[in-house]
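Work out the full structure: start from the sequences and follow the hints.
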Amino acid sequence: GDQRVIDAIKAQAEELAYAGPSMASKVRAEIGRELAEVTPGDLKRFFFTLGGAEANESAIKMARAFTGRQKIMTRYRSYHGATAGSITLTGDHRRWANEPGIPGVIRFFDPYKYRSSLYQEGDSDQVFARKCLDQIEEIIMYEGPHTIAAIFLETVTGTNGVIIPPDGYLQGLRGICDKHGILLVCDEVMCGLGRTGEWFAVDHWKVVPDLITMAKGLTSAYMPLGAVAISGKIYDFFRDKVFYGGLTYSAHPMSLAAAVANLRVLKDDDLVGNSKRMGKVMAGLMDDLKAEHPSVGDVRNIGVFGVIELVKNRKTREPMAPYVGPSPEMAKLGAFFKDNGVYAFTWRNMLHTNPPLSVTEAELREVFEIINKALAVTDEAVTG
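For the sequence shown, position 114 (counting from the first letter as 1) is numbered 114 according to our numbering, and the numbering increases by one without interruption.
Calculated directly from the structure, the hints in this document are not laboratory data.
Where hints are given, some of them may not hold.
Claimed, not checked - Pair ranges (Cβ atoms, derived): (1) Arg277 x His180: 35 to 41 Å; (2) Trp347 x Lys267: 29 to 35 Å; (3) Ala362 x Tyr244: 46 to 52 Å.
Remember, predicted model here, so these are calculated numbers, not experimental data.
Built from N, CA and C at the ideal position, the CB exists for glycine as well.
Now the structure itself:
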């Protein structure tokens with residue numbers, strides 16, 4: 001671990017080990033200042049939670065209270081957490097066992113160029129984005145725009161495949177939300193705080209949402225912490241209204257101290273810049289894998305947030321694993337990594353490539369050599 005963060009946690013334990021979520025503290029002011037330096041637009045007020053799922057729960061409550069509306073639009077290929085509201089927002093199969101969940105959740109499809117039925121070969125980003133946005137507008141029309149509180153999405157989809165929106169998509173969503181008085185809420189629990197080569201993924205498209213949720217990169221996992229970044233108009237709304245949120249350990253001082261130290265490390269060591277630089281290196285390494293291995297259907301990355309999508313047949317794009325169910329090939333791939341000392345996250349037919357923000361080029365090249373060898377396992381399953 002980084003001694004700077006460890007020392008900050010120790011010092012906070014000695015100074016103030018606990019303060020209730022309604023109490024002010026020095027460290028709470030410090031984390032507010034540190035975050036406000038890097039959040040986009042007028043997102044300069046923060047509500048602190050214990051993790052990403054709770055941040056998303058809080059954002060749901062804020063959106064419904066602010067708009068007086070109940071419906072939330074979210075995407076199928078998504079994961080927002082395991083608590084009652086956040087698992088209902090989730091679009092993938094992890095929500096099934098928890099259904100029906102909270103009422104009022106509507107889903108739409110993602111801008112997933114590799115598998116979208118809307119995408120036609122040769123479409124520019126702008127054309128594909130427009131097709132996706134037109135579909136969303138139609139859903140809004142049939143649901144009733146006056147009933148929809150928020151469009152809630154991962155800026156760059158996480159476990160469901162690092163789906164990077166085409167240029168024009170987020171800008172268009174911002175316009176749709178403004179047109180109908182709908183809030184835009186971006187879940188950056190996975191993609192925020194430097195992972196994509198910018199402080200927040202929305203920064204790539206210069207879009208300012210109404211709320212941003214964050215967690216993992218906030219403390220780099222030294223302590224549990226999540227947060228909602230709140231726009232000026234929503235902050236002003238709650239000045240004279242009670243927000244019924246927060247738990248006993250929300251805004252815990254020791255977690256806040258870890259976050260302050262962690263953000264200072266990110267800034268002092270230019271780890272966001274390193275993410276951007278290493279992302280370019282990783283993109284080249286991933287392209288090399290695609291050129292060499294017939295089981296690699298697609299590769300995607302933005303900064304050091306990447307995925308290798310594995311297929312049995314490049315022409316038909318049959319996934320290496322079913323949507324839900326076992327895959328002997330993916331199991332063998334996972335075993336190869338373990339046997340070779342690499343911790344790798346595989347999910348369905350996806351091999352995620354998400355190294356630390358501090359990764360060096362030498363370390364990247366070393367691990368990609370192992371990935372190159374490992375993909376011989378999935379190449380054996382290729383047909384056609």
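Going down the list of hints, with the structure as the test:
1. Arg277 x His180: 35 to 41 Å: holds (40 Å)
2. Trp347 x Lys267: 29 to 35 Å: holds (31 Å)
3. Ala362 x Tyr244: 46 to 52 Å: Given a distance of about 51 Å, which is inside 46 to 52 Å, the answer is holds.
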